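Protein sequences, first through last, are from chains A and B.
Mapping the first sequence onto the numbering used here, position 208 (from 1) lands on 208, and the numbers just tick up by one.
In short: position in the second sequence from 1, add 1000, done, that's the numbering used here.
Just so you know, the hints here were simulated from the structure itself, not pulled from any lab data.
Note that the structure is predicted; figures quoted are calculated from it, not measured.
Check the hints yourself; a few may be wrong.
Here are the simulated distance ranges between beta carbons [claimed, not checked]:
| hint | chain 1 | residue 1 | chain 2 | residue 2 | range |
| --- | --- | --- | --- | --- | --- |
| 1 | B | 1052 | A | 370 | 41 to 49 Å |
| 2 | B | 1165 | A | 432 | 56 to 64 Å |
| 3 | A | 415 | B | 1116 | 24 to 32 Å |
| 4 | A | 326 | B | 1066 | 53 to 61 Å |
| 5 | A | 401 | B | 1113 | 21 to 29 Å |
| 6 | A | 367 | B | 1052 | 19 to 27 Å |
| 7 | A | 415 | B | 1113 | 30 to 38 Å |
| 8 | B | 1125 | A | 110 | 25 to 33 Å |
| 9 | A | 401 | B | 1066 | 49 to 57 Å |
| 10 | A | 423 | B | 1096 | 48 to 56 Å |
Computed list of lysine to aspartate or glutamate pairs in DMTMM-like fashion (alpha-carbon distance at most 25 Å, straight line) [what the hints assert, rightly or not]:
| hint | chain 1 | residue 1 | chain 2 | residue 2 |
| --- | --- | --- | --- | --- |
| 11 | B | 1100 | A | 82 |
| 12 | B | 1050 | A | 403 |
| 13 | B | 1136 | B | 1179 |
We put the CB at the ideal spot given by N, CA and C, even for glycine.
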Amino acid sequence: MLTLKPTSDFYSRALLEYDRVFSGDGAPRPFADLRRRGRDAFEALGIPTKRDEEWKHTDIRKAFPSDVSFFDPVALRITLDDVASHSIPGLDGRTIVVVNGVFEPSLSELDGLGEIVITSLRASADAHPELMQAHFGRYAEVGENSFVALNSAFDLDGVFLYVPDGVIVEQPIRILHVIDADKEVIVQSRHLFVFGQNSQARVIETHHARTGSVNSFGNHVTEIVVGRDAVIDHYRVEDEGDNAAQVNTTQVYQQDRSVFSTTTFTFASGLVRNNVNVVVDGEHCESSLNGLYIARGDQHVDNRTLVDHAKPGCNSNELYKGIIYDRATGVFNGKVLVRRAAQQTNAYQQSQGVVLSDDADHYSKPELEIFADDVKCSHGSTTGEIDLDALFYCRTRGISFEDARALLLYAFAHDVVKRVKLEPLRDWLNARIDERLD
Amino acid sequence: MLTIRNLHASVEDHEILKGLSLEVKPGEVHAIMGPNGSGKSTLACVLAGKEDYEITEGTITFKGEDLTEMAPEERAREGLFLAFQYPVELPGVSTMQFLKTAVNSIRAHRGQGDMNVAEFLKLMREKADFVNLDHKLMQRSVNEGFSGGEKKRAEIFQMAMLDPQLAILDETDSGLDIDALRVVAAGVNKMRNSERSFVIITHYQRLLNFVVPDFVHILLDGRIVKSGGPELAFELEDKGYDWIKEENGEAIVA
């Protein structure tokens, strides 16, 4: 028997629970080494507390379920109608469905993939051993992050997406995550996207819940490899309802001359922590990290970004905006690291929060760590109330206080939305933003 | 239309209007002239309902109703319009969306339904031509990146869109070149009719060459100290404000 530290009591129970649920499903158990390292690291790290600098404003323990259930073993209840109910009008392209962290081929559009590979992680271990060997678990560090460690400790069966060298995926790929549970549940998902040299693709990950009536805790890790000269846009939309907490880690690795963007929209949720880490390990890359969060009620949205400039001649650009109502909290912490070798780096970062009630909070902290001498880096961070002169101006035109406020906030949010390059996605987001600002 | 009686108003406990009275009847154009710091812009802000201004004494009635009881948007819906001295830029708010919301809010107040898109676009084009406003500006965010003159013309354009009964022009002429001034004045003159009233607040007499007022009032230290016809404006232009100050026993600042 293992001797477990107090912090990992949770883990041992979790493991038993997980093995119980999946025992006898006959699926292969690859990635044994990563599982082991993940488990060891989680045991060593435990669940962070507010004493950890990285979790200063976010009490993740509060959101963590006390009674561990990793899987509410309901039969697959999500139907194609449910999937259709989340469709983005006018958006062409295939939808890939992930239910409770598990890739569901039966609900996913997998016809006519051509050279593109979309499969489950477990299947890919057999079918694409070299790619998996080269990339899986290579970017998201288990040793530094409890939640990556916890995620890596399980052989999760998420999505493996591979776009070979030179392939342009014309239509966007939508990955629809749905939580479906009857009792409090922890849902973990794990994905690996590998974009080959000179490839192009757009991926939209969205997070929903079937009913949203039970508490859930999500722990998601997506590793994204952007090959030389590849052009990749990634979007994430979080809208699971007030009862859903999640930690979402997007770990990106960029090679020479690649262009990558990721934009995160957080709407209805409980406690959310997004980690977006981009390691720019190639010359002349472009990286764009954006976010918009509209928090109401008791929501807590914490965005943390890291851009790690390791090579010369790259540009990074960040824009995060938060609108905080009621008793909600918004946090932005953006770190830009410019390593010694990364000369001629241009790094620009902007964070803005609008706080709409006395009980709402917004914390914003930019961090620059620069070891190269020939760089241009700037950051701006503002937190404030809505512009009263602008509000008054609107009202003198007959526009009600509420409509004027919504109009101004919509405009504030628009700066982020306009970075979304897909028009149908933009329209869909605008409609949702309208509802959230009402 | 508008009756102001013995109005006292303060900003942060500092009294600026000290017993101002004014009567504006339908169809009349009143010019209020005064040196800097006399309380001209405060009067405009108080009429439009800006929150920082506290009315400590006196009454304002608009169409028989107590104006001070109304929120800024209610005043606008009842037909009051303020052309701002410094129009506010609204980055990201499209001029179209802004005016559509405004027009439909006012229509709703009058018991009318939303204007359909085609009608609305037609109205926008018509009214933009009315003040020679480049149609491209309507594609932009409200006032964002507009030049000073464009902002002032855009205010008159908005006025034309909202079709008010009482328009207050707060130093709309200041900073305008003569061509833009002519355009603004032409806009006002075209809107002049027996039902609509104007209060033109200005430092200079120049605009009044183009928009001939029915009455001219001189505002000094928070009070109207002299009223007359259009000739009063010319007198001011000739003699400056000093003789008025002297008449009112103020020390002349050289």
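Hint by hint, work out which the structure violates, then give me just those numbers in ascending order. Structure breaks hints 2, 4, 6, 8, 9, 10 and 11.
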